[in-house]
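**Student:** The primary structure of each chain is shown beneath.
Protein chains: 2
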Amino acid sequence: MRDKQWLKARMDVLWNPRRAVMIGATNNLGKWGGIILARILSDEFQGEIIPVNPKDEYVLGRRAYKSLEDVSGPLDLAVIVTPSPTVPGILRQVAKKGIPAAIVITSGFSETGDEGVRLEEEIVGICRQAGILMVGPNTMGVFSSAASMNCLMAPVSPLRGHAACIAQSGNVGTHMLFRGKLRGLGYEKFVSSGNEGDTSFEEYLWYFGQDPEVNAVLGYMEGLDPESSFMEIAPEITRKKPVIVYKGGRTSVGAHAASSHTGAMAGEMEVIAGAMRQAGVIMAESNKQVVELARALELQPVPKGSRIGILTRGGGWGVITADACAEAGLAITRLAEDTLSRLDKILPSYWSRGNPVDMVAVLSNQAYIDCLEIVEKDPNVDAVIALGANVTAQGATTLETLRQMEIMSDQEVKEKKQQMYTDSENFVSSLRDYLDQSEKTVLTVGRWREKPDWESGLMMIQEPEEAARMMARMVEYGSYLARACGAQGR
Amino acid sequence: MRDKQWLKARMDVLWNPRRAVMIGATNNLGKWGGIILARILSDEFQGEIIPVNPKDEYVLGRRAYKSLEDVSGPLDLAVIVTPSPTVPGILRQVAKKGIPAAIVITSGFSETGDEGVRLEEEIVGICRQAGILMVGPNTMGVFSSAASMNCLMAPVSPLRGHAACIAQSGNVGTHMLFRGKLRGLGYEKFVSSGNEGDTSFEEYLWYFGQDPEVNAVLGYMEGLDPESSFMEIAPEITRKKPVIVYKGGRTSVGAHAASSHTGAMAGEMEVIAGAMRQAGVIMAESNKQVVELARALELQPVPKGSRIGILTRGGGWGVITADACAEAGLAITRLAEDTLSRLDKILPSYWSRGNPVDMVAVLSNQAYIDCLEIVEKDPNVDAVIALGANVTAQGATTLETLRQMEIMSDQEVKEKKQQMYTDSENFVSSLRDYLDQSEKTVLTVGRWREKPDWESGLMMIQEPEEAARMMARMVEYGSYLARACGAQGR
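Note that the protein sequences, when read in sequence, are chains A and B.
In this text, residue positions in the first sequence follow the numbering used here: the first is -15, and each later residue adds one.
In this text, residue positions in the second sequence follow the numbering used here: the first is -15, and each later residue adds one.
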């Protein structure tokens, strides 16, 4: 890692440029220079963006310049989308202008063979000599919420929030942005790190670690340079905020595939993964899990132990979840006698009186929240997986049936549906209020169809098996924090 | 298992009753006797359903009888929803009437303790003596496509098709029906087997095995009686059609939870799971996977080997899939030189020339299908995982942007969107045509948002890791078939 002060100064500018220039901007919306500029303009970039195009006087309605030399005044950032052979020359102009940061979208460097490797060495040399911080080359772009800068190839306008993401594959990374939108995870900063010719994964990680606006760092990592200082940096960050990484190239075939598309070498991945866990990095098992873990850790505290209570509305689902917890290394706790007595007052006499707590035929929403609270407060419980936390108008189908059979009038059906809708709104709001103040980790599993869950400040995990695996990662992180920071955790 | 001829005769009636009676039918739509009757009536049951209710002359518009004795003429099926203490008396009437089959929805039997165990023994005794085939007790119901009989507690009208499902948990089972609707898997028959007091998992399995309308059997199993003949029956069926089981109670805590909700004992599950695999049963890893495997095997042939080709539109996704395949025990094959040469003609010169086949920046739909075909035809490839088979109008966001910026007119945007829609319709249809005739297994991974995928006769698996795990189960099944039936497989 390079000098931290230097890096911070450059990164501050990269993520909040006041005046940026795009070399290769074009009115042709079939080209990246058109597509990305359109996205920057439409997502209301807070700074000024100046197109450079040798032919057109105006690009997408903005005054354009024939070359970078023609642009007067100070510039913070150069976005480069021109073909690879032109990039060294352009970066020399960037250096001459004293622009501190560059994003090289252009591909055709070390990922394409020997000539590409040479060309990448050349551009890195130019940047290093001039003190330019370069993102890429071969990057799918950058997003900054603070600057409202959507400099991305993918058609996504990310939900804004407090996650930061570093992706060694643009496609995989931008998918984390898409998923975030579905699951309620908002982003403060995003970088597709591309070939990492200049700026590396651990440099972004270090910066995001210092950023008070960032509350979690997500990563997709394929290669890690053996010279990297990742393992020294990570433990500093993971004490303060979760770092969740999905590691591609875990197997030899995966590593081989990785080396051919970003030019990165995968290295001894067993060793690296073990070291990363030691450093408190949460090792996710899928792209999906990265995003959902980040959202879960945003909504819920870190578990203080591995003793799980399970609440379910159906016996079979309790079995499935108990199996999945046991397989993930979690303990299905024995509930305290007092907990059972309190549940006895809500549940029918024949309930199973054990963990999982099967609510049998009790359907009331209030009873659900009451049972959840009783289980959560049990001194033997560290965390809860709450199944069937559905917020759907389950009865809507039945109402339609009754309307068709002319047993209920249109008006009656309309009123009943309205009532169901109000009931589920109330349930969402009570459940959220409860979860917001709960001191222990609660993961909710279920579905709803009415609206995206993030609007309600909740997250429904779709599969109980997935909730168990997520909980296991969260428990590991909790135990890391207890070791690293003392018993209080975060 | 009981006598096969007897069982077949009774089951034939159960799944195709001409005249059925519901004891406990009611106009109260808050009770199961009202809810289930409404569903039977609205889903256009092909037979006659007669309500029995001691008070009302009409129930949901049908003439009702005060007691079963008052109903004249032959009856095929009795559906019982009255409280558990009344069930023995009612079943004695069923016996007296000579009704061959009964569905006991009522709960409160062996799942609730000693008194329940005694009551269940009593009703089973009555059925056994009278030769009544009983479903349940404590069942969430039955669905039969042929009879258009939707006798289910859950608010689902299943998609019709050729799967059959046996579920030892009603909630888990009906979820397979919901999921089927989302993923395009239609059902011919469904049974929530409840406590299996009389009719057992393997008896349903045997019958579904003989049924020419059933092309796959799905199961959720918690307990297996050590006396069961499941292991003798299964290999007969698995040679003819896939049997896909999700086993709950794999761990001791899961088994403990299972024993408390259906009264079933989980037994030595490690041993059972091994024996089931030996018998050619596909052991799924989640409820979701059961349904998606069944649909995949409906759409695609069984793989003849484990050598996988991967097609991707993004390098990182190729890495992720290669890792997931290797971890699932699949081989990432080396592509033939001829395959590479043929791909060279479509892909840019810097493509990675290996497996996974990364299409880099080639976006054309036709190129996608061409590349897929080239990989699939490779003699070193047994099956393909095709990523990024998206059928979404990805560019719609960009068009909206351009409209907002007034760079494109409303009319132009409308026309472009229409064009995109037509393009994706054409892609769906070409892809489906290709997959329909392909001789090797192809699993497609991607998303689309326009319409449910089943309308197009395709299935998009949502996560590449999931596709790899599914493929591994399909390869195992293919290798079982090759062993059991000779090299040709099915």
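No lab work stands behind these hints: they were computed from the structure.
A few of these clues could be false.
Copies of the same chain are indistinguishable here, so a pair counts whether it falls within one copy or spans any two.
BS3-like mimics (lysine-lysine), calculated; alpha carbons at most 25 angstroms apart, straight line [what the hints assert, rightly or not]: (1) LYS15 x LYS401; (2) LYS50 x LYS81; (3) LYS225 x LYS424; (4) LYS329 x LYS15; (5) LYS224 x LYS400; (6) LYS81 x LYS39; (7) LYS15 x LYS398; (8) LYS15 x LYS39; (9) LYS288 x LYS400; (10) LYS424 x LYS224; (11) LYS165 x LYS225; (12) LYS15 x LYS400; (13) LYS288 x LYS398; (14) LYS225 x LYS50; (15) LYS329 x LYS361; (16) LYS165 x LYS401; (17) LYS398 x LYS80; (18) LYS15 x LYS424; (19) LYS225 x LYS400.
**Student:** It remains to establish, for every hint, whether it holds in the given structure.
**Tutor:** Going through the hints against the structure:
1. In this assembly of identical chains, LYS15 and LYS401 lie within 25 angstroms of each other by CA distance solely across copies; the values are 18 angstroms between and 49 angstroms within a copy.
2. Taking the shortest alpha-carbon separations for LYS50 and LYS81, only the intra-copy value of 15 angstroms comes in at or below 25 angstroms, while the best inter-copy value is 95 angstroms.
3. In this homomeric assembly, LYS225 and LYS424 come within 25 angstroms of each other (Cα to Cα) only inside a single copy, at 18 angstroms, whereas the closest approach across copies is 47 angstroms.
4. Taking the closest pair of Cα atoms, LYS329 and LYS15 come within 25 angstroms of each other only across two copies (23 angstroms); inside a single copy the shortest separation is 66 angstroms, beyond that limit.
5. Taking CA atoms no more than 25 angstroms apart as the test, LYS224 paired with LYS400 passes in neither setting, with 49 angstroms inside one copy and 48 angstroms between copies.
6. Only within a single protomer do LYS81 and LYS39 lie at most 25 angstroms apart by alpha-carbon distance; the minimum there is 22 angstroms, versus 93 angstroms between protomers.
7. Only between protomers do LYS15 and LYS398 lie at most 25 angstroms apart by alpha-carbon distance; the minimum there is 21 angstroms, versus 50 angstroms within a single protomer.
8. Taking the closest pair of Cα atoms, LYS15 and LYS39 come within 25 angstroms of each other only inside a single copy of the chain (15 angstroms); across copies the shortest separation is 75 angstroms, beyond that limit.
9. With identical chains, the CA atoms of LYS288 and LYS400 are never at most 25 angstroms apart, being 43 angstroms at best within one copy and 54 angstroms at best between copies.
10. Within a single copy, LYS424 and LYS224 get their C-alpha atoms as close as 19 angstroms, which meets the 25 angstroms cut-off; across copies the closest is 50 angstroms, which misses it.
11. In this assembly of identical chains, the alpha carbons of LYS165 and LYS225 lie at most 25 angstroms apart only when taken from the same copy (21 angstroms versus 41 angstroms across copies).
12. For the identical chains of this complex, LYS15 and LYS400 are inter-copy neighbours only, at 16 angstroms across copies versus 53 angstroms inside a copy, given an alpha-carbon limit of 25 angstroms.
13. With identical chains, the CA atoms of LYS288 and LYS398 are never at most 25 angstroms apart, being 47 angstroms at best within one copy and 54 angstroms at best between copies.
14. Proximity of LYS225 and LYS50 under a CA criterion of 25 angstroms is satisfied in neither setting, with 45 angstroms inside one chain copy and 68 angstroms between copies.
15. Taking identical chains as interchangeable, the C-alpha atoms of LYS329 and LYS361 lie at most 25 angstroms apart only when both belong to the same chain, with a minimum of 16 angstroms there against 65 angstroms between chains.
16. For the identical chains of this complex, LYS165 and LYS401 are inter-copy neighbours only, at 23 angstroms across copies versus 28 angstroms inside a copy, given an alpha-carbon limit of 25 angstroms.
17. When the C-alpha separation of LYS398 and LYS80 is checked against a cutoff of 25 angstroms, the pair qualifies neither within a copy, at 70 angstroms, nor between copies, at 45 angstroms.
18. In this homomeric assembly, LYS15 and LYS424 never come within 25 angstroms of each other (Cα to Cα): the closest approach is 50 angstroms inside a single copy and 37 angstroms across copies.
19. When the C-alpha separation of LYS225 and LYS400 is checked against a cutoff of 25 angstroms, the pair qualifies neither within a copy, at 46 angstroms, nor between copies, at 45 angstroms.
When each numbered hint is compared with the structure, violations occur for hints 5, 9, 13, 14, 17, 18, 19.
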